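Let's have the full structure, built from the sequences with the hints guiding it.
Number of protein chains: 6
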Amino acid sequence: MPKPKPAFSHLDATGAAKMVDVGHKPVQLRTATAAGELVCQCATIRLLRAQALPKGDVLAAARLAGILAAKRTDELIPLCHGLPLDSIAVDFTVRADRVLISATARTSAKTGVEMEALVAVTIAGLTLYDMMKAVDKTMVLGAVRVTAKTKV
Amino acid sequence: MPKPKPAFSHLDATGAAKMVDVGHKPVQLRTATAAGELVCQCATIRLLRAQALPKGDVLAAARLAGILAAKRTDELIPLCHGLPLDSIAVDFTVRADRVLISATARTSAKTGVEMEALVAVTIAGLTLYDMMKAVDKTMVLGAVRVTAKTKV
Amino acid sequence: MPKPKPAFSHLDATGAAKMVDVGHKPVQLRTATAAGELVCQCATIRLLRAQALPKGDVLAAARLAGILAAKRTDELIPLCHGLPLDSIAVDFTVRADRVLISATARTSAKTGVEMEALVAVTIAGLTLYDMMKAVDKTMVLGAVRVTAKTKV
Amino acid sequence: MPKPKPAFSHLDATGAAKMVDVGHKPVQLRTATAAGELVCQCATIRLLRAQALPKGDVLAAARLAGILAAKRTDELIPLCHGLPLDSIAVDFTVRADRVLISATARTSAKTGVEMEALVAVTIAGLTLYDMMKAVDKTMVLGAVRVTAKTKV
Amino acid sequence: MPKPKPAFSHLDATGAAKMVDVGHKPVQLRTATAAGELVCQCATIRLLRAQALPKGDVLAAARLAGILAAKRTDELIPLCHGLPLDSIAVDFTVRADRVLISATARTSAKTGVEMEALVAVTIAGLTLYDMMKAVDKTMVLGAVRVTAKTKV
Amino acid sequence: MPKPKPAFSHLDATGAAKMVDVGHKPVQLRTATAAGELVCQCATIRLLRAQALPKGDVLAAARLAGILAAKRTDELIPLCHGLPLDSIAVDFTVRADRVLISATARTSAKTGVEMEALVAVTIAGLTLYDMMKAVDKTMVLGAVRVTAKTKV
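Chains as they are written, first to last, in the numbering used here: chain A, 2 to 153; chain B, 2 to 153; chain C, 2 to 153; chain D, 2 to 153; chain E, 2 to 153; chain F, 2 to 153.
Hints were generated in silico from the structure; no laboratory data involved. It is possible that part of the hints are untrue.
Copies of one chain are not kept apart here, so a pair can be met inside one copy or by any two copies together.
[As the list claims (entries may be wrong)] Cut-off 25 Å, straight-line C-alpha distance, at most; resulting in silico cross-link-like pairs (DSS-like, lysine-lysine): (1) K134 <-> K26; (2) K150 <-> K26; (3) K134 <-> K19; (4) K19 <-> K138; (5) K26 <-> K138; (6) K111 <-> K134.
Keep in mind the model is a prediction, meaning the values are calculated, not measured.
This is the structure we're talking about:
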């Protein structure tokens, strides 16, 4: 731990929280992908496949909730900058005992979009949770992390 | 799986998403507690203890972000009802390799507040992630689940 | 026009806009239904049936957008009261040259929910417009009106 | 209908809704004008002229509601991009049996602003509806469409 | 200073911020009035009277901004509860060198509405500031305080 | 008062409010600093120093509320443009009978950020007010003004 001083970029010299100044940083094309999973009972997944997937509203609702939340990341995460997203996509893979969630955000901006991708994943996951909670009290949202990040 | 029909309460007979009608339900005092954890490198936790905890802004920022997000749950989770929260509290326990997060929401309403507690935990966790991501690229938010729910 | 004075309930004696005071009104179960239609080219409707309806995301997106907007009616319409919606549902009927949209809102409150139903219809209609505008520059949203209102 | 595949730009290959990636598009000066009308009883328009127009708050309220809503278009229409509006203006023409509404949005961005103009028109129209609904139960909002669009 | 312990009701025993639990408090009819003033150059007030007051849009815009902000107080002030406002009114008195602003909020709720009245006054004042800042760089918003509070 | 016509830039020729068109203005690095003060009883300040400052949550909450509100200035002040803030910082100085508040906003945009700085100061001040109002009914928020503005 040789250089702890610059470590917490959101704290000023007195320890106060601040938004990092990105005024000097160049606008670059940036992408970030985040992933997570909602672990369910197998019976819940069977119901999801039987009742909800033919029509699509359950996954569509979760996808849209994730997209909408990503666009409001700077309202939710206090020290995030407002960013104009070029795109945001949310995808699901339904496994026997869980739903895998991933989200990819792209922007042309002075700072990265991993928080946007993470917000999309978590809100999409919680929206699934909300729609399936009547049949499954055991669900756990986990493994939420950034899986890729690029800057060109 | 004897009664699959009522299972997905947010889907109507055609499979379309809908907000569940709670008009006939009584107003009751309801509470819900959710928990989760942000797993970090031990060095990150040491930095958190050394730099951020004496002053308090890091955990304070995460706590407030969770509280504010909980109050906007119905804007984030499409089929949630708007609820007047009587209170919402967010707490942290800093362990050697993770920060444990919990949130308890209370309301006097026609429907429960587990989604409010879950939103508080995830947004508090992501706010911590945001403030520590400059020093730790390995963090994972997980174990997000409801730990208690009451109705009186 | 014998009694013009009480006519514009949102204007005070000086002509200034104000939120009508509902403090003295009883809480009642209230419902309102609004309707509207998005008139399209027949080719657009054929594409909608062929590409989008099997999967459902187009109508699901419009439905959710309407539901979410209805919950924020008091942020959009300046003199509307914030109301706790018991439920809000948005439905579509796809005709040869148009999509019919209807929305029904329910609340237990001191004032009615026709604005919530109208907001749901218009935002659902504009969301359809947004998703179909790449193929049809002629669409018109119209016939937006309240079709039913009850108070018990 | 020779090339239906690219038609619905907001659907991916599996039919899932997505925000169109505009990362490769150039920033251009873009404008869009939308129009609509709120059809009323003639007596309502007479009241509007007599009571509300001298002071101006009714049209001012509708204008501001339209402007504010236009700035939040990406929160209301799920697949819209957040755009920095250079300007947004909302105008009214009061006719014997209706109020004509128009809105013009301008931006320097990678994608167009017709949705911003449409949102301004509809929310301005519904705000008028809200303020006049106590005296007229027959109003209909209609003819909402894009009337001009430019890109330089 | 004999009893400092209960003083800061928004801090728990460890000093962490929390929303005060109002679950046990009775619903009561509550009102609060706040006031403030925007001090300007006399020439600015003369312009306001000459150009803006005949038409009314300047004060109307400030009034509506105050009303809208008051409805979102719990989004702006982190530890405020969401309250269903029965009414909110904003008034102005134009003096030779300042504009006096007052706002009265009413609710039937478990906690008071002074923050709603204060938010209405400040945002109304800043909206005036925004519209007059091109002609006056010396304006000061001040004397913002609660002037009356009732509970029945 | 030789040239009153261009004075009120937010009014068009008919007196209607409008967002000023900034489409032709260059993107420049702009900063603005605003200040204000919350005048309290001395006993309140002593309590603040004794109870709240060691832990930091009170000032942290006010600081974050100011930062979050600044990012939403265009939602609160009707004719403000949405701006991508490069940074926003809020600082406090605790005096014997008041808390001094200042905020500095930076952007690279076509228009200035004094409204963002003013919104940060007022919402930070009202958040302090909210947390201290249980012990002090005499507080006044005042002296809110722009103290510096630059454009490069």
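Query raised in the report: Among the hints numbered above, which are violated by the structure, and what are their numbers in rising order?
Result: No numbers; nothing is violated.
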